[in-house]
Each structure stands twice: as C-alpha cells, then as structure tokens.
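With these hints in hand, go ahead and build the complete structure from the sequences.
Protein sequences, first through last, are from chains A and B. Numbered according to my numbering, the first sequence spans residues 1 to 331. Numbered according to my numbering, the second sequence spans residues 332 to 662.
Please keep in mind that the hints were generated in silico from the structure rather than gathered at the bench. Using N, Cα and C, we set each Cβ at its ideal position, and we do this for glycine too.
Simulated restraints, written as ranges between beta carbons of each label pair:
| hint | chain 1 | residue 1 | chain 2 | residue 2 | range |
| --- | --- | --- | --- | --- | --- |
| 1 | B | P552 | A | P103 | 44 to 52 Å |
| 2 | B | S514 | A | E115 | 41 to 49 Å |
| 3 | A | L101 | B | E356 | 52 to 60 Å |
The calculated DSSO-like cross-link candidates involving lysine-lysine, where the alpha carbons are at most 30 Å apart (straight line), are:
| hint | chain 1 | residue 1 | chain 2 | residue 2 |
| --- | --- | --- | --- | --- |
| 4 | A | K48 | B | K512 |
| 5 | A | K143 | B | K631 |
| 6 | B | K533 | A | K248 |
| 7 | A | K114 | A | K215 |
| 8 | B | K579 | A | K202 |
| 9 | A | K45 | B | K512 |
| 10 | B | K542 | A | K202 |
| 11 | B | K546 | B | K533 |
| 12 | A | K248 | A | K300 |
| 13 | A | K248 | B | K542 |
| 14 | B | K579 | A | K215 |
| 15 | A | K300 | B | K579 |
| 16 | B | K546 | A | K300 |
| 17 | B | K533 | A | K211 |
| 18 | A | K215 | B | K631 |
| 19 | B | K474 | A | K300 |
| 20 | B | K533 | A | K300 |
| 21 | A | K202 | B | K474 |
| 22 | B | K579 | A | K248 |
| 23 | B | K579 | A | K211 |
| 24 | A | K168 | B | K512 |
| 25 | A | K286 | B | K533 |
| 26 | B | K542 | A | K211 |
| 27 | B | K499 | A | K168 |
| 28 | B | K499 | A | K181 |
| 29 | A | K168 | B | K617 |
| 30 | B | K631 | A | K202 |
| 31 | A | K300 | B | K631 |
| 32 | A | K300 | B | K542 |
| 33 | A | K181 | B | K376 |
| 34 | A | K248 | B | K546 |
There are 2 protein chains.
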Amino acid sequence: MDKKYNVLIVGATGLVGQELLSLLETTSIPIASLTCCASFRSKGKTVKFHEETLPIVELDPKLFMHCDIAFFCAGGTVSQEFIPIARKHTLCIDLSSAFRLDPDVPLVIPEINKEALLHHQGVIASPNCTATLLLMAIYPLYKEFGVRRIVTSTYQAASGGGITLIRKLLNDTESALQGHKQSSESYGFNLFLHNSPLSEEKFSAEEIKLKEESKKILSDPSLSISATCVRVPVLRAHSLSVNVECAKDLHLESVYTAMRNMPGLQIQEDLDAALFPTPFMASFQKETFVGRIRLDPTRKNCVDMWVVGDQLLKGAAYNGLQIAEQVIALL
Amino acid sequence: MDKKYNVLIVGATGLVGQELLSLLETTSIPIASLTCCASFRSKGKTVKFHEETLPIVELDPKLFMHCDIAFFCAGGTVSQEFIPIARKHTLCIDLSSAFRLDPDVPLVIPEINKEALLHHQGVIASPNCTATLLLMAIYPLYKEFGVRRIVTSTYQAASGGGITLIRKLLNDTESALQGHKQSSESYGFNLFLHNSPLSEEKFSAEEIKLKEESKKILSDPSLSISATCVRVPVLRAHSLSVNVECAKDLHLESVYTAMRNMPGLQIQEDLDAALFPTPFMASFQKETFVGRIRLDPTRKNCVDMWVVGDQLLKGAAYNGLQIAEQVIALL
Numbered sequence: 001m002d003k004k005y006n007v008l009i010v011g012a013t014g015l016v017g018q019e020l021l022s023l024l025e026t027t028s029i030p031i032a033s034l035t036c037c038a039s040f041r042s043k044g045k046t047v048k049f050h051e052e053t054l055p056i057v058e059l060d061p062k063l064f065m066h067c068d069i070a071f072f073c074a075g076g077t078v079s080q081e082f083i084p085i086a087r088k089h090t091l092c093i094d095l096s097s098a099f100r101l102d103p104d105v106p107l108v109i110p111e112i113n114k115e116a117l118l119h120h121q122g123v124i125a126s127p128n129c130t131a132t133l134l135l136m137a138i139y140p141l142y143k144e145f146g147v148r149r150i151v152t153s154t155y156q157a158a159s160g161g162g163i164t165l166i167r168k169l170l171n172d173t174e175s176a177l178q179g180h181k182q183s184s185e186s187y188g189f190n191l192f193l194h195n196s197p198l199s200e201e202k203f204s205a206e207e208i209k210l211k212e213e214s215k216k217i218l219s220d221p222s223l224s225i226s227a228t229c230v231r232v233p234v235l236r237a238h239s240l241s242v243n244v245e246c247a248k249d250l251h252l253e254s255v256y257t258a259m260r261n262m263p264g265l266q267i268q269e270d271l272d273a274a275l276f277p278t279p280f281m282a283s284f285q286k287e288t289f290v291g292r293i294r295l296d297p298t299r300k301n302c303v304d305m306w307v308v309g310d311q312l313l314k315g316a317a318y319n320g321l322q323i324a325e326q327v328i329a330l331l
Numbered sequence: 332m333d334k335k336y337n338v339l340i341v342g343a344t345g346l347v348g349q350e351l352l353s354l355l356e357t358t359s360i361p362i363a364s365l366t367c368c369a370s371f372r373s374k375g376k377t378v379k380f381h382e383e384t385l386p387i388v389e390l391d392p393k394l395f396m397h398c399d400i401a402f403f404c405a406g407g408t409v410s411q412e413f414i415p416i417a418r419k420h421t422l423c424i425d426l427s428s429a430f431r432l433d434p435d436v437p438l439v440i441p442e443i444n445k446e447a448l449l450h451h452q453g454v455i456a457s458p459n460c461t462a463t464l465l466l467m468a469i470y471p472l473y474k475e476f477g478v479r480r481i482v483t484s485t486y487q488a489a490s491g492g493g494i495t496l497i498r499k500l501l502n503d504t505e506s507a508l509q510g511h512k513q514s515s516e517s518y519g520f521n522l523f524l525h526n527s528p529l530s531e532e533k534f535s536a537e538e539i540k541l542k543e544e545s546k547k548i549l550s551d552p553s554l555s556i557s558a559t560c561v562r563v564p565v566l567r568a569h570s571l572s573v574n575v576e577c578a579k580d581l582h583l584e585s586v587y588t589a590m591r592n593m594p595g596l597q598i599q600e601d602l603d604a605a606l607f608p609t610p611f612m613a614s615f616q617k618e619t620f621v622g623r624i625r626l627d628p629t630r631k632n633c634v635d636m637w638v639v640g641d642q643l644l645k646g647a648a649y650n651g652l653q654i655a656e657q658v659i660a661l662l
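See the structure below:
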C-alpha cells in the first residue's frame, strides 16, 4: 500500500460532492492529489480539504490523464459525456444513474456484491440511493431465506433532489409559516409522488430504478418488487416501509439473527421507549437503520420492517467511497 | 321531514368539533337547537354558528334529555364516560374509538355499509380516519373482485394528533428554520412511526385499528391487512400507499370502471402533467382522492394505488354528519 492516488471529483460543489470531499478527509485511501471540478456556475469557487483551500477547476478531459480514481457526482448527462473518455485513463466511480444498468458496468454495494468489482472495465456504478437502503436491509433475508417479492413505499427527503429541492422545501415552508397563500405545487407541509417520468404501466422512473437495480445487484432477474416512491417534506435521509415475502416461512428470532450479522446495518428498536429509526436520527450516519421488524400476520413467509438511511452518505457518497476503497484493497 | 332536531356537540372546540360545526351550517338536517360542549379549558369561550355566537357550556348529563342527536368528538375517555348515559335519551354518534369494535354498535361509512345503521341501539360509531380513507378507495374493488389482502403504508398528517400536534409541527419547524439545534423528537422536517402503543406482535394501535375496523365495516373477518402507519410533517390530510390483492386477476380498465362508480371517491390522475392527489389539494375537500392506479407487475391479481383524503372531514366530521343525515333519511 505504498502507492498514493490522484483523485478527481466531478461535481464537487453539489450535495453529494460535498459529502464525498468530507469523507475523503478520513478515508484509508492514500491520496497524492485531489482535483475538484464543477460546472461553470461554480467557476471561481473554492472548497476546503483538510487545511487546504482547493480551487474548483473546469472539467477538462486532460485531467483524466493524470488521475487514478474519478468520482462522478454531477448527474447522468455529465457522466454520459465524460466517462467514455475518462475510463480509458482512470477508474471511474459513477454515482449517477447513467451506467447503472449497463451490462458491462458492475453495480455495487460493497456489503452485498463486492465480488462484482473484480470484473470492472474502468467504470463502476454506485446504485440509486433508495435501492441501496432497501437492499442493505433485505439482503440478510435474501441470503438466509430467499426473497421472492417486495412491496415497498418510500418517504424520500428533499436532499435526493439536490440543493434546488432543499431550497424549495425551505422557502415554501417559510412562506407557509408566514401565512402566505400556497400554490398547489408548494412543498411546505406537503408531499408528492416522486415526479420522475412515468412508464406506460404508470410506474415512475425512480420506482423502476429501485426494481431493476435491485435485480442486477442481487443477480436475480426473478425478484419481484412493487414500489411507490414518495417525496416527503424532510430535509435529509430517506425512509422505507417494506413488506418482504420470503421463500420460506419465517421465525422472528432467525430474522433478527440474520439482520444482526449484516455489516453496515443497525437494528434500532427500543420497544419500551417506542424508539425507532427516524430521518433526523439517521442523518449524517453511515449505517442503514432498521426497526419495527415484525412478522406480517397475513402471511407466514412475510415480514414488515421500517428502514431509514442517509441518502447522501450510504445512499450515495459513502457507498461510492466504499467502492473505491474496496477496489484498492483488491489490487 | 317536518321534525326539527336538537343537536349537541361534545368537544366543539377541538379540531373535529370545529369542522362539524362548520359542516352543520349547510347540512340538510333541520336544526331546532345547537348546544356546544367542551372541556373546562374552554370555559367562557364561544363558537360561531351561522350569524349566532353560541356559548361553550359544560357537559352535563341533563343536556342529553333535551337532545335528539349528540356528536361525540372529545376523545375516547369522554365517550366512554358519557355515552352510556346519553344513549338512553339521544342518538349518539361517536367519532372516538371508544365503541368502534363493540359488537352492539354499528361502525359505518355511509357509502359502504349504511344498512348497518338500521340496527343501531342508540350509538353509532364513525371509523378511524385512516380506515375510512382506505376503505373508500378499496371498497369498489372489494365489491367487484373480492379483496383478500392489503399491504398499506400511511403518510398521516399532524391534524390526526389534534391541535397539540399541529402546534408542535409548526413550532419545531419554525425552530429548525431559525437554525436552532433540534432534539431527536423534533417534528420539524422529520417523520415518525405512529406513536400509539405497540401490541406484542409490534403493531401499533393505529395499525390494528385499521385492520380490525376494516374487517368489521366489511363484515369480513378473513380480510388480511398489514399496515405501517407513519406520521409525516404535513398539516392536514392523510395519504396512503396501498397494494391490494384481489380474489381474481385484474384488468386495469375494469378496476377504473369499478372505482369511477364509487360515490365520494374521485380519481385524480393527469398523466401528462404528472398530477396526482396531494395532501395540499385534498385538504378541505369532502371526497377521497385516488390516483396512480396501476397493476402490480409482480402479481396478476394485485393493484397499487395512492389515496389521499382530508382526515378531519371524510376521516372524521363529515363521515359523522353523513351518518346523522342517513339515520334521519331512514326514519
């Protein structure tokens, strides 16, 4: 481990980029240099890394030539344009949805399928935030009992829509508190079905990502998922209500045993104090939290649970960093 | 219909009582007199009814003797104490949970089981708000195709916790906006599993109400419901994500036909504009709204839908008033 790495962040001023920058301060990856790129809107800005002030530089394909690891956190369009060039020179870790379903690109949650990293061809994708949190919670059941079908409803925070959506939530809420008349699109004390485009079958792109990415990560095309994705007026951290149908009848104790052994997953249940995971408590945490794990009284092979995790960390930046750390460990 | 009715509201200053008062201004029930009671905290207060200013009077059993219809909106404890006395003199319409599962008390959503009103013995209960909204949406499927099992996750507004919870939401949100440090119990931009007491099987009382009341209203003890009830930072109107398993395979067109014919249920779907029900739009409306009705790709006999309704109106005061109007129509 004498090698030091030249690291590039594309989209360093966005919500995920900022989290990644801060995570890189404590990573085990030996960093030789860090270069931060962002869109022209961030021209002239700087970012802090340890004690240093780094300039935001314009994204130029030449940068890839002197780079070992490039994190792409600037959205699908930028990834689609630059990763085909970048992958020739550097390992690309893509946090956008651009390459997630590409059969030549591993889609990885290190706690679940790090073996997929072995076959990368210069690009590794980090999954959709909600898919990551869902799989972190159901994977121990998948491994132990087999999972046939998942019915899930999500409670997704504004952070998933970037700084623009966070600002809209804050502004609309402030306006509602001041007693101003709200429009029907107001996000203040209001919620919405996820507004990504609908398929012909009336599932939103977010719901389809959840399904297709889960199948790919588990290498299980037969897995059935029916999801309803909802944007709630929460600033950060996504929650999911999950009903899991397994291949076997379940006993609650063995469900707990399986879940307790899952790295990165924390059971948070204090029945007496009625303390279960909340977005507030999960914010800024790297773990995925699960609670109210209970057998579904309507089916012997089903279990209900409540899952919460920080969308920007395990749902994005932290999972991306874990991928990089794993690849280096595998070298 | 020459008879005029002496009406009593117990709990007239609460959220539901206030809605009822306002609905009574336009009811078809001919009102001879209206008496408004509330707890000692409301002593000296008045309420408006049409142009009149009515005093809040103390709840005294003598009042029931000169009363034809008494609405109980002051919570379970008050209902439990006073309804056994009141029912000897007046028709009691109970909006609390106190008598809902009493086998001698009809539990009625007029659009669904108004025939149960015929057998009342002085007390009729109006169901839990979430149960009412759920059943308004699934009843047409129940009637047409048979419903075997429901998996639902709720997005319940602060209004369900009364004025205290609304104030907490407003205060905590204001404090969060001002940048004050929040406690882990903060409701500002945060959500929680419904905090009603948990059963041994770890279902909350709210989740059990949803299940048991639905079975009673549909007279179907075999109906399976697995619910996860969640309190979201929304001021008014509850939402539900619902997966319904029917006894037959479904075609989307026949699902729509059934739902279109359900009185009080409104399909709200503009696919091009991605316009579906929201709490904001459903607030202050008497209808229950449903949208994103789609076949569950994982099961041929399952359908997913999104349901929103005003918890204080169809979920409480309006359903209570409809019960009274129906009883009078049946006289």
